[in-house]
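A.B. asks: Below, each chain spelled out in residue letters.
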Amino acid sequence: MSKSLVWRVGLLAVVVAIAITLFLPSMPGVRDSLPDWWKNNRVLGNKISLGLDLQGGMHLVYQVQTDQAVSSATSRLMGSLKSSAAEKAVPLTDIKQTSATEIEAVTTTPADMDKFLTLVADLGTLESKTREGNRIVLAMKAKDAERLKENSVTQALETIRNRVDQFGVAEPVILQQGVDEILIQLPGIKDPQRALNLIGKTALLEFKMVDEDTKLTPPLPSSVPASEADALVAQYAGKIPPTDQILFEREVDPSTGSVSKKPYLIKSETMMTGSYLKDARVTISGRTGEAEVSFEFDPAGGKIFDALTAANVGKLMAIVLDGNVYSAPQIRERISGGSGVITGRFSESEAKDLAIVLKAGALPAPLKPLQNLTVGPTLGNDSIDSGKKAILLGCLLVVLFMAIYYRMSGVIADFAIALNLIVLIGALAALSATLTLPGLAGILLTIGMGVDSNVLIFERIREELRLGKSVRAAIDGGYDKAFTTVLDSHVTTLITAAVLFQFGTGPIKGFAVTLSLGIIINLFTALVGTKVVFDFINSKWKLAKLSI
Amino acid sequence: MELIKKTNIDFMGLRKIAFAFSSVLAILGIACIVMIAIGRANLGIDFAGGASADLMFTRPVQIEEARKALDKGGFRDAELQAFTGGTKMLVRVKKTDVPVGEVVDRIKAAFVTAFPDNPVTIDSSSAIGPTVGKALQKDALLAVALSMLGIIIYIWFRFEFRFGLAATIATFHDVLAVLAVFMLLHKEITLLVVTALLTVAGYSLTDTVVVFDRIRENLRIRQKDNLLDIINESVNEVLSRTIVTSMTAFLAVLALFFFGGEVLHDFAFAMMGGIIVGTYSSVFVASPLLYVWPGKKGGRLIKTAMLTKQPLRAAVSAPAAAAAMPATPAPAPSEPRAEKAAASGKKKKPKSKARA
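Taken in sequence, the protein lines are chains A and B. For the record, in the first sequence the residue sitting at position 547 is 546 according to numbering that gives the first Met the number 0, with numbers rising by one throughout. For the record, in the second sequence the residue sitting at position 332 is 331 according to numbering that gives the first Met the number 0, with numbers rising by one throughout.
If you're looking for bench data, these hints aren't it; they were derived computationally from the structure. Each hint should be verified, as a subset may be incorrect.
Chain B residues, not near chain A, derived (Cβ > 12 Å throughout) [stated by the list, open to error]:
1. Ser22
2. Gln61
3. Ile168
Simulated DEER-style distance windows between Cβ atoms [what the hints assert, rightly or not]:
4. B:Glu261 - A:Gly505: 14 to 22 Å
5. A:Leu33 - B:Thr57: 54 to 62 Å
6. B:Val33 - A:Arg130: 28 to 36 Å
7. A:Gly505 - B:Asp96: 55 to 63 Å
8. B:Glu261 - A:Pro253: 51 to 59 Å
9. B:Val111 - A:Arg146: 40 to 48 Å
10. B:Leu79 - A:Pro240: 45 to 53 Å
11. B:Asp70 - A:Arg344: 30 to 38 Å
12. B:Glu261 - A:Asp66: 39 to 47 Å
13. B:Ile32 - A:Arg146: 22 to 30 Å
14. B:Val111 - A:Lys128: 38 to 46 Å
Covered stretches of chain A, going by a simulated chain B footprint (3 or more residues, C-beta under 8 Å) [unchecked claim]:
15. 326-333
16. 364-372
17. 384-390
18. 451-460
Using N, Cα and C, we set each Cβ at its ideal position, and we do this for glycine too.
Okay, chain A solo, but in the shape it has when bound (with noise of 0.2 Å):
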């Protein structure tokens, strides 16, 4: 044997050993076998994940609607100045909000006014846009307002985040998206609905208090079906004093499943909101037995909640979360533990829900869904089944084929095709492929785009044998003349791949990786791995005729 043979024999067997150890940490069992530094190692610990399509899992694009985190920023200015101008004894005929970024404020005198601006001034977000005498218009500063959108972004993140930690998701991923899109990947998760609410919801818990002086006629039901409850508001709509909304509790009849939900007269001022809360927690309560939920304020949280309730001794509080009343208890003494409970005929699973909510914040804007891939784990598995049947199908025929076509060397053929297969697995693994399934098909394609190599050269070297060629003569001129075509063909279907793979979604990457990896490593294997073999055999037995 040459010593050139030698070499790449060696070279092969190298290669075929090296892809299957880099392959060894993907298989589920043998993973958890191997030593910790094999593990842990950089390149060789990675392993092979499965894509949403094939784990199962859920894939969603969120929208942070940034435009109204500017305009609840600028309600809590509003909010400042109103308290900053009662302690300084400015006196306000009339302040109000007028657009996500401006306030309108109105003074007795234009010397008030000036008073008013070096309050505004100290505040330091607004600016002064437009001013007569003692009425101004005020507007959030540009860049303030750009920031505050960033921020928003950056924080909705954040609480997203620590919502997906404390939900217990193995390997969530969460990414901002452009300018203001959040993209959150949850592989494997089992119920998909709760971790919709989770995510989704805004959890801006408010207390306000419940109007009960003012007497409306009609008086309001005391509840209405979840349908008509936008009717109802738009029929009260001119009667109620401006200062109120209308908010209703959500109530489902558990026998029955309907949802009905039941009015109450709110004064829309908003005393506290949940951005105090230090703790959440459930807690079952002694005497109903039902899930609550038990929270805490911090200390600045305490003081505000202690005197609001010392003012209101008798009154009906309304706990609002996301503009839903949960419960509107009466308070019936001062409270200066700065802790509650809220009730609400909560299941288990929905109170825990709440109590992540409420801990890992609010979000500072609303989330807007636009994309929302669910794929549950009956598909996912049938996806994998599907999946597997048609590569080894694929494979039987394409390697059956070489074999009748070819003979023996359809088999060297299909020796390489193996060896491909290896090859391109132990790649996918060292580079963390996550496999989906085009991904799949990808490799099923490698597998017949792949063969054509061999297909090129075996035509070329039976042409030689036609011109009269010996053996070895015929298989070195194949080889040789059919080189550039065969990377031709390869190159050609490399820049769609690649294309593909640049603007392709999460699955169609897996499918360009897979087909370029394997089409890659195909110039190697149906160039060096066959011609070794056919070399090898020559040198062993000097054939006279080839069967090709």
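Got chain A sorted already, so can you dock chain B onto it with the hints?
C.D. replies: Below, chain B alone, put in the same frame as chain A:
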């Protein structure tokens, strides 16, 4: 075993019929593109926005009842597909105003209301807003355009411009033909289908390159002969090569078509159609285009071939060679340009290999 021994089919003679057939396919394909542009084509929800849900019922449900239930729930033009005897149903809804976050719930609610005693669960679902769909459409178009550009540039490097043009037209024709088939069968065009089209484009090019390689060689060797005859004989020589390579890819995709599951079904169908059309176009579209363009005598074509400094290989002069001799340029000093282009043009490089 050899399926196709020495053939002598007059491919060029059939070119008028082939052009007519191909033109029809191309026009249909363009019609499909127009329909996509005006929004009347059957686009999948990943392009058009909308929702789809895999529902599992406890007891079988008839499609008609399901359709009525959806109607009542406010989903007028839903597409329905039933599997495994009616217990599994795929619902697809496009063009709905219901926001992404609620649409799947509403679909389920429609069924809960209509069949209160037949519990239903949702196994998988997709809800995609219209803006995402539009962004994807743009991306897909860009991808197709870039691929075509890459192909033109690559063939331009490997051959002369006329070859490049003929190859690109043939490849574009393949994409249009598959689109036409999808339109005629009113099949849904999803992102996977576009992926199949792009893969087909890249793959059909290999076929075309094999034929062109041979034509270029024969042009160099047999300068005295009629261009028509040269092209004809070149195609005949590589016919077996072309058909077998397509056959192997076709077998692989066939397995996918039968066993690949619902998700990959249309993808496999597009690939199968594409492989067949790709083979057809290399023989009946790309090669005759070389003859037709430019000028009937093909004088310029031969002249340019002569200008590329390819030495004639010694083996070629063997008198026994009546039919053309295979003489691919050796990949060493005589063809630095092509070698450089092949290796440098694209991002991925072939692994280094030991030369025999």
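A.B. asks: Against each hint, give a clear statement of whether it holds in the structure.
C.D. replies: Results for each hint:
no. : hint                            : result
1   : Ser22                           : holds (25 Å)
2   : Gln61                           : holds (22 Å)
3   : Ile168                          : holds (15 Å)
4   : B:Glu261 - A:Gly505: 14 to 22 Å : holds (18 Å)
5   : A:Leu33 - B:Thr57: 54 to 62 Å   : violated (44 Å)
6   : B:Val33 - A:Arg130: 28 to 36 Å  : violated (57 Å)
7   : A:Gly505 - B:Asp96: 55 to 63 Å  : violated (28 Å)
8   : B:Glu261 - A:Pro253: 51 to 59 Å : violated (38 Å)
9   : B:Val111 - A:Arg146: 40 to 48 Å : holds (46 Å)
10  : B:Leu79 - A:Pro240: 45 to 53 Å  : holds (50 Å)
11  : B:Asp70 - A:Arg344: 30 to 38 Å  : holds (35 Å)
12  : B:Glu261 - A:Asp66: 39 to 47 Å  : holds (41 Å)
13  : B:Ile32 - A:Arg146: 22 to 30 Å  : violated (45 Å)
14  : B:Val111 - A:Lys128: 38 to 46 Å : violated (52 Å)
15  : 326-333                         : violated (count 0)
16  : 364-372                         : holds (count 6)
17  : 384-390                         : holds (count 6)
18  : 451-460                         : holds (count 5)
In the structure shown, a violation is registered for the earlier hints numbered 5, 6, 7, 8, 13, 14, 15, in ascending order.
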